[in-house]
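*Asks:* Given the structure of chain A, go ahead and fit chain B onto it with the hints provided.
There are 2 protein chains.
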Amino acid sequence: MLNRVRSAVAHLVSSGGAPPPSPKSPDLPKATSALPAAPPEAPRSPPARAERGSAAPAKTVEARASFSRPTFLQLSPGGLRRADDHAGRAVQSPPDTGRRLPWSTGYAEVINAGKSRHNEDQACCEVVYVEGRKSVSGAPREPSRGQGLCFYYWGLFDGHAGGGAAEMASRLLHRHIQEQLKDLVEILQDPSPPPLCLPSTPGAPGSSDPSHLVGPQSCWSSQKEVTHESLVVGAIENAFQLMDEQMARERRGHQVEGGCCALVVVYLLGKVYVANAGDSRAIIVRNGEIIPMSREFTPETERQRLQLLGFLKPELLGGEFTHLEFPRRIQPKELGQRMLYRDQNMTGWAYKKIELEDLRFPLVCGEGKKARVMATIGVTRGLGDHNLRVCSSTLPIKPFLSCFPEVRVYDLTQYEHCPDDVLVLGTDGLWDVTSDCEVAATVDRVLSAYEPNDPSRYTALAQALVLGARGTPRDRGWRLPNNKLGSGDDISVFVIPLGGPGSYS
Amino acid sequence: MLNRVRSAVAHLVSSGGAPPPSPKSPDLPKATSALPAAPPEAPRSPPARAERGSAAPAKTVEARASFSRPTFLQLSPGGLRRADDHAGRAVQSPPDTGRRLPWSTGYAEVINAGKSRHNEDQACCEVVYVEGRKSVSGAPREPSRGQGLCFYYWGLFDGHAGGGAAEMASRLLHRHIQEQLKDLVEILQDPSPPPLCLPSTPGAPGSSDPSHLVGPQSCWSSQKEVTHESLVVGAIENAFQLMDEQMARERRGHQVEGGCCALVVVYLLGKVYVANAGDSRAIIVRNGEIIPMSREFTPETERQRLQLLGFLKPELLGGEFTHLEFPRRIQPKELGQRMLYRDQNMTGWAYKKIELEDLRFPLVCGEGKKARVMATIGVTRGLGDHNLRVCSSTLPIKPFLSCFPEVRVYDLTQYEHCPDDVLVLGTDGLWDVTSDCEVAATVDRVLSAYEPNDPSRYTALAQALVLGARGTPRDRGWRLPNNKLGSGDDISVFVIPLGGPGSYS
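Heads up: the sequence lines are chains A and B, in that order.
Residues in the first sequence are numbered from 17 upward in steps of one, following this note's numbering.
Residues in the second sequence are numbered from 17 upward in steps of one, following this note's numbering.
Next up, chain A with everything else stripped away, as it sits in the complex:
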């Protein structure tokens, strides 16, 4: 086992260089993904086989059938082929003609430089109507409360070890959120605090006045106050979990291969909810100021959670890994010497005498983009990965991954936004080579070149951000103006204007 993992890791960590393959994704050959790539449903984009005049061989056509891009790109078969071209890496955006994305949202994407067969990022942008279920209290619905709710939705899904999970999430996650919100339609529109308890079944005796649903008798002197906002957060959290469970259920039938990071924005009743599971990132640029709206979940940022789990459930380590962290690999000849280590409780380092079981491979190792859980995967939250196992082993990695997002809330009504205030979402292809400050500078530079009421300015900005991260082909690689390497990863960017959502709803 030791040699096996060691050689896998040696491969993983030595793969840096130009042009850079993304070190985040578990390299496919090393992760045992039992099922071949094929989407759970026919993708909405026209498959390449429909392309007229194509001379592509049958094999390519078959492979293309599993490949789709977001429907809002409205790609023709020829456009889809260009979007799938690793050599040209043409930036894709929705066409300037035709229906715009809600709020005049800007979007741009580009495929990777060859690290995976297709672009494994996916995106979704929808306006979703939520019709309430039959009155939750069972009483006939009052007309004033019978209104459904609308939410605006943006999602970026960065796939790894296959595109299936990202594609499935891009098609279905907002439906799960819609489903979770159905029970809340009345409650969220009622200004009084949410009822703590509801009758079991619609139709059961009860009043629709939530305040009557709770018996006043309680052995606690106080009741916790639960806000409307925290109900929406809970709905999004549970939707992520249900999406992940659906992937687990359907992976056999529909062959959902791989996993994905998910970065999702929901706008509902004046508030923006940013939910992140993975290493994508969201920032607001408001009047030039940067407001972080997410943080990344990686083996480094979640080290202590991972180590604690390995410590409490050592059976998950399969006798192959140690939950302790060491600053480098221990050599067998170093047995008995004293090495720096950290356990699940420590943020500092200390020396310990090396014992036999310390020679096991560390659960968490590496630094930065090369950090890995179980020598395999570089992100610790997201959807899917139910088949992911340690190289040449049956040890599952999924127990260490969390499907739960961190949700941050931004109240749009608390500040008067101008047309230059935007929420920028990007997959790690953007952020690996672009700092928050550089993004803010590009926001300023590009938007000031357009009239404030020109709706195409946000697409232009998204394109500028993608181009700035991709660079241009030069010296056997994609390079930025400063001659550093651009991102060889898939890059996807949403630019959501905050200055006037009210007028769009």
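FYI, nobody ran anything at the bench for these hints, they're computed from the structure.
Since we're looking at a predicted model, the values are computed, not measured.
Virtual Cβ for every residue (Gly too), placed ideally from N, Cα, C.
Hints may contain errors.
Claimed, not checked - Estimated spans, in silico, between C-beta atoms of each pair: (1) B:Glu-371 to A:Gly-286: 27 to 37 Å; (2) A:Glu-305 to B:Arg-149: 48 to 58 Å; (3) B:Val-144 to A:Thr-363: 18 to 28 Å.
*Replies:* Frame of chain A; chain B shown alone:
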């Protein structure tokens, strides 16, 4: 079980009011603490039995024997009796005459208003010399590296369910830190990065040059860089754990009853390390600006850690508790209805159908100062509590408590400090009724009334802070000028001046 815990909680949460007993400590009669109160060693302060002319009955004398105050207060027997007087609540400080505390540190304390027999806070302030062990590399010590290290140390220990743990920690925790640093004396004084690996035993062949101790061959492409600072953090973290383990070992022989929060400051080689386990607090006030140096660890702030542990190790819940959180106690008649809940993964709330096991008592319940783990204890980190069990049950609570501090580092050399810049440490008796801003205002008000070079100004400031939190007796309680209730808890405060540590070392 349900009724038993419920009545215990009803007692706990209904005990608010004037004068307020501290809701943090588990009330002694409810926590099964098997051993009577008696110190592990003779306290350094003179016991009351030595008091001349005392007419106290034998019983009181015996109880007093277990009571001590910090030695630096230099209390006479009469002074000790006044410090133990719940009615007068006289503020105690080191005498103006005689040796000052290091750095002219200010200190003040006051006993509680009757919530426990004695003042269960303890404090320590020491200068500790660390002599290196025989050269870690085994080579003869070079003269230039043979110097030991000095660190300055301040500790506040807020006891609960008895004073034994706080007293033991105040006497010994800095010795554990000293012991942990012994191995690091050479390394911390060597400007090169710490060696990752050391030979096993002093005297073994090897060089004293740390860079030679590590074989260059490594299967990882890079080694993690470990800083000197993180070694000190690790030493403090491990010292807390070893202190806690010593309490567990000696609780039978020496009868260490109860537990304590620990807030500790170490100044070493230009940096201030603030380690906090519990709900005491440290802030720096620098040029009027507030810099938080700790955060509190309570059932609310650590809810998800506690719930995760209960979820992963359900046997720790003993079939009596549920790891789910509910906003109020569920009534048996509500079975089948839908109630708001949060699990270990959620920050938002959602509804779930109430099942039989949801009627168990929640692992975490209550809000603010009334929040409790297992209906018993209101702090989730600290030392001791090895005997603490759920009321009328054998279920131990210790597995849910962490002895590990969070350590924050402040580099004193990065900023030129003036004599008005201070680090303020206080037990929750201070912070329950005083905001950070109010403390900063008092810092400004008191220090500006003294000459900058008057060393008594920091003691005056500590006294003002304690008095401001205690208030004065009025309307059947201790009241603040705004007529709100003052703190009825023990209150202890250190004021550490930052403007010139160099001149004291």
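*Asks:* Now look at each hint and say whether the structure bears it out.
*Replies:* The hints, checked one at a time:
1. B:Glu-371 to A:Gly-286: 27 to 37 Å: Check passed, 35 Å falls within 27 to 37 Å.
2. A:Glu-305 to B:Arg-149: 48 to 58 Å: 52 Å, holds
3. B:Val-144 to A:Thr-363: 18 to 28 Å: 22 Å, holds
The structure meets every hint from the earlier list without exception.
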